[in-house]
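Engineer: According to the numbering used here, the sequence shown is numbered sequentially starting from 471.
It should be emphasised that the hints constitute simulated quantities derived from the structure, not laboratory data. Any given hint could turn out to be false.
[As the list claims (entries may be wrong)] Computed list of lysine-lysine pairs in DSBU-like fashion (alpha-carbon distance at most 35 Å, straight line):
id: 1; residue 1: Lys498; residue 2: Lys676
id: 2; residue 1: Lys599; residue 2: Lys650
id: 3; residue 1: Lys676; residue 2: Lys539
id: 4; residue 1: Lys486; residue 2: Lys676
id: 5; residue 1: Lys486; residue 2: Lys739
id: 6; residue 1: Lys650; residue 2: Lys583
id: 7; residue 1: Lys639; residue 2: Lys583
id: 8; residue 1: Lys517; residue 2: Lys498
id: 9; residue 1: Lys494; residue 2: Lys517
id: 10; residue 1: Lys583; residue 2: Lys599
id: 11; residue 1: Lys599; residue 2: Lys539
id: 12; residue 1: Lys498; residue 2: Lys650
id: 13; residue 1: Lys739; residue 2: Lys494
id: 14; residue 1: Lys739; residue 2: Lys676
id: 15; residue 1: Lys639; residue 2: Lys486
id: 16; residue 1: Lys739; residue 2: Lys650
id: 17; residue 1: Lys486; residue 2: Lys539
id: 18; residue 1: Lys639; residue 2: Lys650
id: 19; residue 1: Lys676; residue 2: Lys650
id: 20; residue 1: Lys517; residue 2: Lys676
id: 21; residue 1: Lys739; residue 2: Lys498
id: 22; residue 1: Lys599; residue 2: Lys639
id: 23; residue 1: Lys494; residue 2: Lys583
id: 24; residue 1: Lys498; residue 2: Lys486
id: 25; residue 1: Lys599; residue 2: Lys517
id: 26; residue 1: Lys583; residue 2: Lys517
id: 27; residue 1: Lys486; residue 2: Lys517
id: 28; residue 1: Lys639; residue 2: Lys539
id: 29; residue 1: Lys676; residue 2: Lys639
id: 30; residue 1: Lys583; residue 2: Lys498
id: 31; residue 1: Lys599; residue 2: Lys739
id: 32; residue 1: Lys517; residue 2: Lys539
id: 33; residue 1: Lys739; residue 2: Lys583
id: 34; residue 1: Lys494; residue 2: Lys539
id: 35; residue 1: Lys583; residue 2: Lys539
id: 36; residue 1: Lys650; residue 2: Lys517
id: 37; residue 1: Lys676; residue 2: Lys599
id: 38; residue 1: Lys739; residue 2: Lys517
id: 39; residue 1: Lys639; residue 2: Lys739
id: 40; residue 1: Lys583; residue 2: Lys486
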Amino acid sequence: MNENNMNFSAYERLLKCYESFQRKINFKPFVALVLGSGLGDYADQIKVEATLDYNEIEGFPVSTVAGHKGRFVFGYVEEVPVVIMQGRVHYYEGYEMEDVVLPTRLMKMMGAKVLFLTNAAGGVNFNFKAGDFMLITDQISNFVPSPLIGPNIEELGLRFCDMSEVYDKDLREVIRNSAKDIGMELQEGVYIQLSGPNFESPAEVKMCRLLGADAVGMSTACEAITANHMGMKICGISCISNLGCGMTEEPLSHIEVQETADRVAPLFKQLITTSIRNIADVVNSK
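All chains, full assembly: derive it from the sequences and hints.
Structural biologist: In structure tokens, the structure reads:
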């Protein structure tokens, strides 16, 4: 397949997904919110205008992770129009990276200006504990393929996009202030994405820490690169669901991750709601 055909194929597929969305939904979001583990039911408590299952969108990848509903929810967080991903697609499920980031590109085409990323992550910083929240200030994505590999889709962004401020400094300040408003302690740090689905070994956790990471997970960074390529404003919060392997004597399990995420979900949801309201005020004022 030559370069032009590859380029056309990727973009045409995205356009088909967008056309499929347009035929079914008449809604323009301002914020695109990706829900991580433990937050899936957040979408059910907003003012819902419409829902769209991933399998109703022509050519759209469908998440295989248990507990992920696999749909877009359109509605309002207070007065802010949002599209919410209720279940993301992960690289470890066996999809090509193009599939993993297609939802991000589609939400931008829907009209979203802000991408709000959330996840459950393992803490590799000894100052963290399970149940903490970490504002993502930067990221390391070298351990998974870049979503921008291959022919550049010129309609979406530049071939070589700047990465000096992936997580928007104004939005980071909004989230800091939102956390203060609700009396929440907020950690800050660097997120590193590894491929998964296995948890990291003790040596890999140490490697992540030596590289400058504070939290490790299996998503998010590739989505942020994609959104940055398209010129979206990006912010992100990790729920520290556990400390990395070797930092405690306990073996890791997905059950532990889910239990911690579920336990702190009410506070996480409060932070998301407050932050989205304040983000809309800040972005619209510029």
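Engineer: Could you run down the list of hints and mark each one as holding or not?
Structural biologist: How the hints compare with the structure:
At most 35 Å may separate the alpha-carbon atoms for a hinted pair to count; Lys498 and Lys676 exceed this at roughly 43 Å. Restraint check for Lys599 and Lys650: the C-alpha separation of about 19 Å stays at or below 35 Å, so the hint holds. A hinted pair counts as satisfied when its Cα atoms are at most 35 Å apart, and Lys676 with Lys539 qualifies at roughly 34 Å. For the proposed pair Lys486 and Lys676, the alpha carbon gap of about 43 Å is over 35 Å, so the pair is violated.
With a CA separation close to 33 Å, the supplied pair Lys486 and Lys739 stays within the 35 Å bound. The suggested pairing of Lys650 with Lys583 holds, with an alpha-carbon distance near 25 Å, which does not exceed 35 Å. For the proposed pair Lys639 and Lys583, the alpha carbon gap of about 15 Å is at most 35 Å, so the pair holds. Only pairs whose Cα atoms come within 35 Å are accepted, and Lys517 paired with Lys498 is accepted, the gap being roughly 15 Å.
Taken as a hint, the Lys494 and Lys517 pair is honoured in the structure, with Cα atoms around 19 Å apart against an allowance of 35 Å. Among the hinted pairs, Lys583 with Lys599 is consistent with the structure: their alpha-carbon atoms are about 33 Å apart, no more than 35 Å. Taken as a hint, the Lys599 and Lys539 pair is honoured in the structure, with Cα atoms around 28 Å apart against an allowance of 35 Å. A threshold of 35 Å between alpha carbons decides the hint, and for Lys498 with Lys650 the separation of about 30 Å falls inside it, so the pair holds.
For the given pair, Lys739 sits about 28 Å from Lys494 by alpha-carbon distance, which is consistent with the 35 Å threshold. With a C-alpha separation of about 31 Å, the suggested pair Lys739 and Lys676 falls inside the 35 Å cut-off, and the hint holds. A hinted pair counts as satisfied when its Cα atoms are at most 35 Å apart, and Lys639 with Lys486 qualifies at roughly 34 Å. For the proposed pair Lys739 and Lys650, the alpha carbon gap of about 15 Å is at most 35 Å, so the pair holds.
Among the hinted pairs, Lys486 with Lys539 is consistent with the structure: their alpha-carbon atoms are about 22 Å apart, no more than 35 Å. Between Lys639 and Lys650, the direct Cα distance comes to roughly 17 Å. Compliance with the 35 Å bound is thereby established for this hinted pair. For a cut-off of 35 Å, the pair hint linking Lys676 to Lys650 stands: about 32 Å separates their Cα positions. Taking the CA atoms of Lys517 and Lys676, the gap is near 43 Å; set against the 35 Å cutoff, the hint is violated.
For the proposed pair Lys739 and Lys498, the alpha carbon gap of about 22 Å is at most 35 Å, so the pair holds. Of the supplied pair hints, the one linking Lys599 and Lys639 holds, its CA atoms being roughly 25 Å apart against a limit of 35 Å. Under the criterion of a C-alpha separation no larger than 35 Å, the hint pairing Lys494 with Lys583 is consistent with the structure, at around 21 Å. For the proposed pair Lys498 and Lys486, the alpha carbon gap of about 18 Å is at most 35 Å, so the pair holds.
Restraint check: the Cα-Cα separation between Lys599 and Lys517 comes to about 33 Å, which is no more than 35 Å; the hinted pair holds. A distance of roughly 20 Å separates the Cα atoms of Lys583 and Lys517; the hinted pair therefore holds under the 35 Å criterion. About 28 Å separates the Cα atoms of Lys486 and Lys517, which keeps this hinted pair within 35 Å; it holds. Restraint check for Lys639 and Lys539: satisfied, since their Cα atoms lie roughly 32 Å apart, inside the 35 Å limit.
The suggested pairing of Lys676 with Lys639 holds, with an alpha-carbon distance near 28 Å, which does not exceed 35 Å. The straight-line distance between the Cα atoms of Lys583 and Lys498 is roughly 10 Å, inside the 35 Å bound, and the hint therefore holds. Taken as a hint, the Lys599 and Lys739 pair is honoured in the structure, with Cα atoms around 19 Å apart against an allowance of 35 Å. Among the hinted pairs, Lys517 with Lys539 is consistent with the structure: their alpha-carbon atoms are about 18 Å apart, no more than 35 Å.
A C-alpha spacing of about 21 Å is found between Lys739 and Lys583, which places the hinted pair at or below 35 Å, so the restraint holds. This hinted pair checks out: Lys494 and Lys539 have alpha carbons roughly 19 Å apart, not beyond 35 Å. Annotation: proposed proximity of Lys583 to Lys539 holds, straight-line Cα distance about 24 Å (limit 35 Å). Using a Cα cut-off of 35 Å, the hinted pair Lys650 and Lys517 holds, with the two alpha carbons roughly 25 Å apart.
Distance restraint check for Lys676 and Lys599: the Cα-Cα separation of roughly 16 Å lies within the 35 Å cut-off, and the hinted pair is therefore satisfied. For the hint linking Lys739 to Lys517, the alpha-carbon distance of about 14 Å falls within 35 Å, and the restraint holds. For the hint pairing Lys639 with Lys739, the CA-to-CA distance comes to about 22 Å; that is within 35 Å, so the pair holds. For the given pair, Lys583 sits about 21 Å from Lys486 by alpha-carbon distance, which is consistent with the 35 Å threshold.
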